[in-house]
Amino acid sequence: MKTKHIDNPLTSQQVVDHYFLEHRAKVIDIAAFLDRVDRAGGMVSLGTDHRMAALYEALDVLSDWRGDRAGRILAIFSNNGAELTRSAEGVKGATGAARKEGQYL
Amino acid sequence: MKYIDPHIHMVSRTTDDYMRMALAGCVCITEPAFWNGFDRGSVDGFRDYFLQLTQYEPKRAAKYNIEYYSWICINPKEADDPAFAREVIAIIPEFLEAECVVGIGEIGLNKNTRNELAILEEQIALAAEFNQLILVHTPHLEDKLKGTRLIMDAIKANSGIDPDRVLIDHAEEHTVSEILDRGYWAGLTIYPNTKCTPQRATDIIEIYGRDRIWINSAADWGDSDPLSVPKVRFEMQQRGHSEELIEKITYRNPIEFLGQSERFTHGIEQYDCVKI
Chain W
724 MKTKHIDNPL TSQQVVDHYF LEHRAKVIDI AAFLDRVDRA GGMVSLGTDH
774 RMAALYEALD VLSDWRGDRA GRILAIFSNN GAELTRSAEG VKGATGAARK
824 EGQYL
Chain H
28 MKYIDPHIHM VSRTTDDYMR MALAGCVCIT EPAFWNGFDR GSVDGFRDYF
78 LQLTQYEPKR AAKYNIEYYS WICINPKEAD DPAFAREVIA IIPEFLEAEC
128 VVGIGEIGLN KNTRNELAIL EEQIALAAEF NQLILVHTPH LEDKLKGTRL
178 IMDAIKANSG IDPDRVLIDH AEEHTVSEIL DRGYWAGLTI YPNTKCTPQR
228 ATDIIEIYGR DRIWINSAAD WGDSDPLSVP KVRFEMQQRG HSEELIEKIT
278 YRNPIEFLGQ SERFTHGIEQ YDCVKI
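Line order of the protein sequences matches chains W and H. Using my numbering, you'd call the opening residue of the first sequence number 724 and step up by one each time. Using my numbering, you'd call the opening residue of the second sequence number 28 and step up by one each time.
The following block holds chain W by itself, in its conformation from the complex:
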């Protein structure tokens, strides 16, 4: 991977000061969404829905301290299968997460 880094003029402290509240809110949004799923009852969970499984896998990336979190999370949601179907008839939309081979739903 070739990178041509341009310095971010902000210090890390300035980045936190500028963006913290916005991203605090986004984390709470995710928490409230997961609570909403729980309160709705039923069977949908990370064990039964491929999107929720991918979401939980992505959440682990947030705190693993390995960098390139955005790129790695996008890769988790991506379909990496080699197969190509003939037609998109009936499946023109995207669900936001790839269904892994042998995975539920």
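Careful, some of the hints might be misleading.
Claimed, not checked - If we take Cβ atoms under 7 Å as the criterion, some of the chain W residues that face chain H in the derived model are:
#1 Leu733
#2 Ala793
#3 Ser810
#4 Ala811
The hints are simulated quantities; they were obtained by calculation from the structure and are not laboratory data. We treat Cβ as the ideally placed atom computed from N, Cα and C, and that holds for glycine.
Please arrange chain H on chain W, whose structure you already have, making use of the hints.
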């Protein structure tokens, strides 16, 4: 400060948007042919759309002192029926002669099917035959990574295409590095929910540099924002980036890429552009 939005679907926008864009500094746009929200039922439906892109919309933009260019193709979402798509491809060459048309686009993939790939390859060949620039639509969400690679492989397979004359749009953090490494231009689309935010686009510029990247709104009939490009400019200003860098990303880089088409004349006297 003036800017270019090099990918926006003005047929889906109101004249109020032209006014707001002009007030924000927009001086030039390019509009790719795309999926209008429903599948058209006839070749004549496409012909009317291409006429709108080459005759009507340039005049509407001119009322707001915005220079207008367009791209012609059949989009990947309507390319899944190869027989129908080939009928549409047959009428494309006559529109490539319009003075505002700068290339073939936005071609690409939607669900990464064999049918879509076949039509993509045929439109790549058309671009090579008519020496046209290419603007690529990459798939959404979970299909983007695989689709971006399939598209780049398909372009590489056609030896008549120089990657420097291809812009691969809707890039994100997991695709931009590979696009640039393979010699293509990368487009960052600022779009609520499904693509980049102004903050992430600025992050990508900081990581991958100032060359062969442009910013666009791809604003259309969906949840989108025709003022996305100035919002990226504002984000970069807030971080303290230089006006020179901001101008390069949002004005000079589009001119550098689009200036490779003899049809594109906006601002080229100021910059060295290699014409086809």
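Among all the numbered hints in the text so far, which are the ones the structure does not match? none
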